[in-house]
Structures are given as C-alpha cells and as structure tokens.
Amino acid sequence: MSIAEFELTQLPVGGFARVVGIKAEGLVRNRLLDLGLVPATVVEAVRKSPAGDPIAYKIRGALIALRSEESRQITVRALVED
Amino acid sequence: MAANQENSFNHLVFKAQAVRKQMNTNLRDQVVKDIYQRAEEIAAKAVALPDTRNDLDRKIDNIVTSRIWGYPLMFALLSLVFWLTITGANYPSQLLSNVLFGFQEQLTGFFRWAGAPAWLHGVLVLGLYRCLAWVVSVMLPPMAIFFPLFTFLEDLGYLPRVAFNLDKLFKKAGAHGKQILTMCMGFGCNAAGIIACRIIESPRERLIAILTNNFVPCNGRFPTLIAMAAVFMGALAAGTNSFAAAGVVAGVVLIGIAVTLLVSRILSKTLLKGVPSTFTLELPPYRMPKIGTLLIRSILDRTIFVLMRAVVVAAPAGVITWILANVTIGDMSIVARLAGWLDGFGRIIGLDGYILLAFLLGLPANEIVVPILIMCYLAQGTMLELDSIEALRQLLLNNGWTWLTALNMILFSLLHFPCATTLLTVRKETQSTKWTVLAALIPTGAAIAVCFLVAQIVRALGLV
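Protein chains in written order, with the working numbering: chain U, 28 to 109; chain F, 159 to 622.
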C-alpha cells in the first residue's frame, strides 16, 4: 500500500477518494461517523461554495457540506481504478 | 489510612473511566462501521443507483451556487418575493380596510342607539376595534402572500443553498451557518425565528442566533418599512412605484444582515467567546413542492398563527393608546407630555419624541407603531387610516419630517428592541432573564448608535 494519504480538504472538486479514518475525537467524531464517513467509504468532492468554503461532498448518496475545519479531520487516499 | 484508601479508590475510578472512554470510541466506531457495511450490502443487492454526476440537480446547483450568479440570484429572488408581497397585498389590504372600517360606523351607530357613554365608545370602538382592524387589514394580505412564497422556496430545497453560499461569512463571525435559516424564518416572524434556533445544537452559537434574530425585519415591520420607503423615495403611492419600494426594502434587509454579522462577531469575541462547533449541512435534492399542502401549511400554521398572536397583543395596546391620548393632565394629553420628555433625545438621533413614543407604545406588536404615530400627529386621540401614501407624506412633512427622519425611522425600525412576544419567546427558549434583557438592550444600543451616527454625519455635511 504505497498510495499517499491526505486530508479530505485537499481533494479537488470533481475528484473521488476513499476514507481512511477520522482524526477528530468526541462529538465531532460522532457527527462525522453518523454521516457514514467510516473507513473505505467513497467520497466525491462535488462543489465549492462561491466563497470557497464550505465544500459539498457526495457521501453515500447524500450531498453534505462540510467546513474546512471538519474536512481537515478526515484522512483519505486516492481511489485506484481496479 | 482512610485518606489513603479514598485516594486509591479515586485512582481506580479514574483509571476505569479512562479505559471506558477508550472502549467507547472503539466500540462506537465498530458499531457504526458494521451498520453501514450491512446497509451497503443490502442496498447493493436491492437498489441500482444512477450516475448522478450529470443530473439536473447538479446543473441547477452549478448556477445557484456559482461564483458569478450565486449572490446576485439570491438578491434578485429576495427582491422578487418582496415585490410580489407589496404589489399583491395592495388591493386586498384596501378592500379589507374598507370593510373593517365600514363596520366601525355600524358599531358607532349601535353604541349611540344603546346610549353608551362616550368614554366606553372611545375605549372599545376607537381604541380596541380600530387597532384590531388596522392590524388585520395591514398584516393579513402580505402574510398570506409572503408565507406561501417563503414555504415554496423552503420546500423546493433552495434555502439550504443560501446557507451554503453564505456560510463563510457566518464562520468568520464565529457563528453557525444554519443561523441564516433561522434568519429566513425571522422574515416571517422573529418569535418563530427564535424558536427555529433549536436547529443549532451548540449552545454558544444558538445564543448568538437568538440575540441577533431581531436584525432581520419581520412581517410586522414590513408595512412600516414599505410605507417609509415610499415616503423616502418621494413616490406618490406604493402601488405606482412598488419596484423602488421593493428595492429599498431589499437594501434594508442587506443592512440587517450586515449588522447581524457584525454583532455576531462582537458577541463571539466578548460575551460568547469560543470557536465554531461542527458544521454539517445537507443539500437535499430539489423537489417540486406540493402546492396544496404548501398552502394549507403556510396559511394555517404560519399566517393564522402569527395573526392571532398579533391580534391578542394589539387589542390591549389599542385600549391603552386611546386612554393615554385622551386623558389630559393639565392642558396636555399624557401622550403629548411623554413625547415632550423624549423629544430632546429623539432629535439628537434624527427622530422626534412622538416617533420614540410610538416605538415604546408599539412594544406589544411592531405593526401598530405607524398607526400610533399617525394618531399622535393628528392629535385626535384615535388611530386613523390614511387612505394614501401621499396623505401620509403630507402629514409627516407638516410635522417637520425630512428624508433623514424617514431614513432613521427605517433604520430604527430595523434595529430596535424586539416586540414583547419575541422577548417572551427568548425568555422561554433561553430560560434566562439575563439573555432576555440583553436581547432587548443589544438591538436598542445598535439602533441608537446607528441613527445617531447617520444623523450627525448627514447634518455635518449639511445635507438636510
């Protein structure tokens, strides 16, 4: 496994990635897990707000906007086509 | 010995807690992961998902949240809603007021026939009934148009996009993005907006939203703003120049949003220090609203609810105002005396004593501020329905108004203390007298400061 891990914030709009884990603890962690951001979930960065933040992600069929404070807590890696 | 035992016991409890905390996180992670895994397996067998990368929702969102069109579109939609409300409400308002004020003559006739004393006729017909008639004829038509339009945008799925577009501004102010949704509700009624603040989980951000909700003008204040906008624009009637009036009202709303952000920022740096909590906002798929249920819900749940509440507070307010205007101490009515005391301060902030008194007497409901003011100026002791904006303009000019007075009246109406119902709602939602008092003091301070600055700058530049 040599695929680099990075923060969800860095995923460009239109890109797909797979969740590796959540760095946050406590309430934030629970909120993000409840959205379905468990390891191996595929996430697509769909669009940026006109102001640049938040960014809307397609997560398990739902379009969810996350502020950079939250998306920074989510570690992902690039999706390999297989 | 005992102390030692207690010490090691505490140590043990502490250790157990630490272990349980660790377990909890892992356990929770595992449970959530398993649930999603199982759900995914089932869904994969039963549901085929289409590729959503090019569907209609995305195309709409490409425009609605675009860098170029996102903000102008929001402003245009806002103006359109106001324009539809103002023009649409004009005729039915006229009709209602003709009917209701026509019935007043019947009432007067009945009182005369029954030989009732003049004061009883004054309190019940000229005070109570007129105030109710004014509130119903002025408020009902705009609300019956505004609430369905607003509910339409809500059901369509557009409002979350507004929150998405504006969230960064609220983040910078240390507030929650969902605050914009509570503000949208505030356009209908600030008390409803404050109840809507329950959607914000973090207590700190919820309080910020509650304390600043008043800076979006509610339906009760729109008639005041619209009338003043028409006077301010020098238009002959709101009907002939409703575009300009809608533009002024939309501009006033923008000022309200700017003040909301500024005060939110100040609050989150002082009284309500802290960092923004988690923000997750779902952008639901667009849906064509069901018009039938939409009408029932917006008319029954919102329009009638807000109207009934206004009626309940307007009735006693009408009685009190009539008494104050008709009981004289020495050679002046109580109203004239009170206005005299307030006049000096009123003039410093570009208003006058009667305007301030009207705002104070209008505490029960904002929609009776202008009727009270008109009544004071006419000094006839009853609320009067002036039949045109031009007549209102003449009356105000005769009482020393300039465009600065109209402008500051708009600003003061936008920023001043919330109505009694809203304050009671704040008390109920926060369970705290301190925050309720602040919910009245913060807006009032902002209103006085802004009006003072505007008046001083305009006068210093010699514009009036």
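For the record, the hints were derived by calculation from the structure and aren't laboratory data. Keep in mind that the hints are not guaranteed to be accurate.
[Stated by the list, open to error] Calculated cross-link-like contacts (lysine to any residue; reagent style SDA-like; alpha-carbon spacing at most 20 Å):
#, chain 1, residue 1, chain 2, residue 2
1, F, Lys329, U, Gly48
2, F, Lys179, U, Pro39
3, F, Lys330, F, Val281
4, F, Lys217, U, Ser95
5, F, Lys330, F, Leu429
6, F, Lys217, F, Ile200
7, F, Lys191, U, Gly48
8, U, Lys85, F, Leu429
9, F, Lys191, U, Arg58
10, F, Lys329, U, Ser95
11, F, Lys326, U, Gln37
12, F, Lys191, U, Ala51
13, U, Lys75, U, Pro39
[Unchecked claim] What the simulated footprint calls covered on chain F by chain U, stretch by stretch (three residues with Cβ under 8 Å from a Cβ of chain U suffice, anywhere in the stretch; the number is not a length):
#, region
14, 326-339
15, 585-598
Ideal Cβ positions, reconstructed from N, Cα and C, are used throughout, including at glycine.
Do the hints match the structure? See the list:
With a C-alpha separation of about 25 Å, the suggested pair Lys329 of chain F and Gly48 of chain U falls outside the 20 Å cut-off, and the hint is violated. Pair hint Lys179 of chain F plus Pro39 of chain U does not hold up; C-alpha atoms about 36 Å apart against a cutoff of 20 Å. Of the pairs offered as hints, the one joining Lys330 of chain F and Val281 of chain F is violated, with about 52 Å between alpha carbons and a cut-off of 20 Å exceeded. Taken as a hint, the Lys217 of chain F and Ser95 of chain U pair is broken in the structure, with Cα atoms around 24 Å apart against an allowance of 20 Å.
Between Lys330 of chain F and Leu429 of chain F, the direct Cα distance comes to roughly 17 Å. Compliance with the 20 Å bound is thereby established for this hinted pair. The suggested pairing of Lys217 of chain F with Ile200 of chain F is violated, with an alpha-carbon distance near 30 Å, which exceeds 20 Å. Under the criterion of a C-alpha separation no larger than 20 Å, the hint pairing Lys191 of chain F with Gly48 of chain U is consistent with the structure, at around 11 Å. Between the alpha carbons of Lys85 of chain U and Leu429 of chain F the distance comes to roughly 37 Å, so the proposed pair goes past 20 Å and is violated.
Taking the CA atoms of Lys191 of chain F and Arg58 of chain U, the gap is near 13 Å; set against the 20 Å cutoff, the hint holds. Between Lys329 of chain F and Ser95 of chain U the alpha-carbon distance is near 11 Å, which keeps this suggested pair within the 20 Å criterion. Among the hinted pairs, Lys326 of chain F with Gln37 of chain U is consistent with the structure: their alpha-carbon atoms are about 18 Å apart, no more than 20 Å. The hinted pair formed by Lys191 of chain F and Ala51 of chain U meets the criterion: a straight-line CA distance of about 16 Å does not exceed 20 Å.
The straight-line distance between the Cα atoms of Lys75 of chain U and Pro39 of chain U is roughly 10 Å, inside the 20 Å bound, and the hint therefore holds. Counting residues of the region 326-339 of chain F whose C-beta lies closer than 8 Å to any C-beta of chain U gives 4; at least three are required, and the coverage claim holds. With 0 residues carrying a beta carbon less than 8 Å from a beta carbon of chain U, the region 585-598 of chain F misses the three-residue requirement, and the given coverage is violated.
Consistency with the previously given hints fails for numbers 1, 2, 3, 4, 6, 8 and 15, ordered from lowest to highest.
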